[in-house]
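Asker: Add chain B to chain A, keeping to what the hints say.
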Amino acid sequence: MTTADPTRGACPVPLAEAEKVLLGHGSGGQLSAELLRDVVVPALGPAAAETVPEDAAVVAVDGLDLVISTDAFVVSPLFFPGGDIGMLAVHGTVNDVAMMGAVPLALAVAYVIEEGFPVAELRRVTASVGAAAAAAGVQVVTGDTKVVGRGAADGLFVTTTGFGRRLPGARVSAAFARPGDVVLLSGPIGAHGTTILSTREALGFEAEIASDTRPLHRLVAAMVASAGRAIHVMRDPTRGGVASTLNEIAAAARVGVEIDEAAVTVPAPVAAACELLGLDPLHVANEGCLVAVVAPEIAEALLAMIRSTPEGRCAVRLGSVVEEHPGRVVMNTLMGGRRVVDMLVGEQLPRIC
Amino acid sequence: MKYVDEYRDPALARHLFAEIKAAVTQPWTLMEVCGGQTHTIVRQGIDELLPNGVRMIHGPGCPVCVTPLELIDKALAIARRDEVVFASYGDMLRVPGSDTDLLALRARGADVRVVYSPLDAVRIAADRPDREVVFFAVGFETTAPANAMAVLRAHQLGLPNFSMLVSHVLVPPAMTAILDAPDCEVQAFLAAGHVCAVMGWTQYEPIADRYHVPIVVTGFEPLDLLEGILMAVRQLEDGRAAVENQYARAVRRSGNSEAQDAIRRVFRIGDRAWRGIGTIPGSGLMLTEEFAGYDAEPRFAVAGLTAREHPACIAGDILRGTRVPTDCSAYGTLCTPRTPLGAPMVSTEGTCAAFYNAGRRVPSATTAELR
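One line per chain: the protein sequences are A and B, in this order.
Numbering-wise (my numbering), the first sequence opens with residue 1 and increments by one.
Numbering-wise (my numbering), the second sequence opens with residue 1001 and increments by one.
Excised from the complex, chain A in its bound form (with noise of 0.2 angstroms):
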């Protein structure tokens, strides 16, 4: 029933769009996605158009599963109630390899940095990285350093690359969930996303909430050893938050996703800047809880196990995977209705009241 309009044609792209990116494009969600689709992928052939977009990928050398990962980040400010910038690169990153069902490595990590900058804010993040990275038990091996003129960067970015084995026994996609499977989540959502937009505009939540960035890649190896190839998909919800990581899985797998509203945990300061700002905390970014789809016969044990980590203590059976509405999110609300889970539009925006 689509009613195409003359002055504007079918497709109704907006012109100021079609010329610049804008920050939306950025925000993990339809946006990003039509940017990979439109301009990044296309570029890189047609094997590309192919694949199943994830943050990390597998490459075999020689009989070895090798996975490789690579994470631009400009997060602002740069320190921040949790963590900071570098701490961030490295979880990011060790993150987006053990998605894979893999163990990390080595990482490489390069700095922008704008003329100008402190060097004792340098340190900090310098340190910051290696304290990180030996936490997770990784060791960066190689690196770069580049100083743009001032307002070419703003302060510092960080890109980190990660490259690790997968695990025996793993086999993960966002394409491999089925109906039937079940779907886990391994901790409370929102933290990091609101924790960032409260100390960039001093909105005065910071004192109540940390951002959640931790490694992952131990509860990873943790879950493959315990259920191994009944774990289908494993994807840490970050930019986008945890609707855009399901309406992913949903697209790649064709299928429902079904998910229960009560089960979705939020801390309550985080609840509480959400309902202030206007934010759906299923948009909001996470950076230390996964997304795991898994088989149903294993679905209690592995719950029971992942609890039993420090990661996962708050773990929660989220929902299930579902023939109907393929491609499509459904939540369970709390009042017994039903409503679908869609994927951020564009940036996150505050609403009035």
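Some hints could be false.
Unchecked claim - Incomplete in silico selection of chain A near chain B, CB under 8 angstroms:
| no. | residue |
| --- | --- |
| 1 | Leu22 |
| 2 | Gly24 |
| 3 | Arg123 |
| 4 | Leu203 |
| 5 | Thr333 |
| 6 | Arg339 |
To be verified - Just a sample of chain B residues kept apart from chain A, beta carbon distances all over 10 angstroms, derived:
| no. | residue |
| --- | --- |
| 7 | Glu1083 |
| 8 | Ile1124 |
| 9 | Pro1182 |
By construction, these hints were calculated from the structure, which means they are not laboratory data.
Remember, it's a predicted structure, so these values are computed and weren't measured experimentally.
Virtual Cβ for every residue (Gly too), placed ideally from N, Cα, C.
Answerer: Okay, now just chain B, sitting in the frame of chain A:
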């Protein structure tokens, strides 16, 4: 979370649904005025769980949605200027004007900033005397006191570089306009709790009397809405038409007199155009003569700007409650939150966006597919 979880209790909700069902003997049509209420109703699927015959019409209470297109165009014209820092609440940034939106302007280099309080805009003006800081003052009686405070603060600080683009609207005249429409189907209102927290409910008493329509001042949590619906339905069944207060934890009959004083000092009542509805007499706030110097429209010579709505958009009918988003030929196809033609698709409080985000695609497929 305290003061929130108590109002989202599933067992109490089931109890209230049952009470509503028990109270209803015939079909009734209710309108929730405020976009925040629409948001809760649609997100929780409350309207689809109500007993047959109890219908919710979604009212014009989304401030983003009722801001006229020409005001968005005025905002864009002002934000384009080199000397201007344009400050706004976040969800106004994505509202399409005639040719672009504020987010796209920002990508092209305009200094457009999201603020969380109008006082933040005053602070920017104090910090940057070399820049003209313009705040986009939109909203109902709820945001009016804070916006009035911003003007008073700028006045106190003697900031010549602060001004406001004002698009303030008032709820009671809009309710009267809806009731006066010949095709009006609304039999009872859930009034907006936050608006009444500021203004009280005395203004609603003559409306209830004159139109013999029950009005229940209602909060925003699921249980608030269910209780408000129950109170309204009971009045309808009893043939009563009074103003009742469901939101007693926040609202007093006389409202907040200090907030009202701030509004009265800075603003006067005048005619306002509502997007999709047209001009409603006495339905808006404009700066008083004393503070007219803070009006951005004459300062940047945009007062004469006019604009034309997209022909496919039925936002006016949606805002009056005579049609629902799924009646619109552009809904979900030409018009999505990604490419909104009209304002109700932009704000999460807008009826079209609330429908779309809850997955209500087309009438037949929506509910069938979800069940």
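Asker: Next step is simple, just say for each hint if it's right about the structure.
Answerer: Evaluated hints:
{"no.": "1", "hint": "Leu22", "in the structure": "holds, 5 angstroms"}
{"no.": "2", "hint": "Gly24", "in the structure": "holds, 7 angstroms"}
{"no.": "3", "hint": "Arg123", "in the structure": "violated, 30 angstroms"}
{"no.": "4", "hint": "Leu203", "in the structure": "holds, 6 angstroms"}
{"no.": "5", "hint": "Thr333", "in the structure": "holds, 5 angstroms"}
{"no.": "6", "hint": "Arg339", "in the structure": "holds, 4 angstroms"}
{"no.": "7", "hint": "Glu1083", "in the structure": "holds, 20 angstroms"}
{"no.": "8", "hint": "Ile1124", "in the structure": "holds, 13 angstroms"}
{"no.": "9", "hint": "Pro1182", "in the structure": "holds, 28 angstroms"}
Comparing the model with each numbered hint stated earlier shows that hint 3 is the single one that does not hold.
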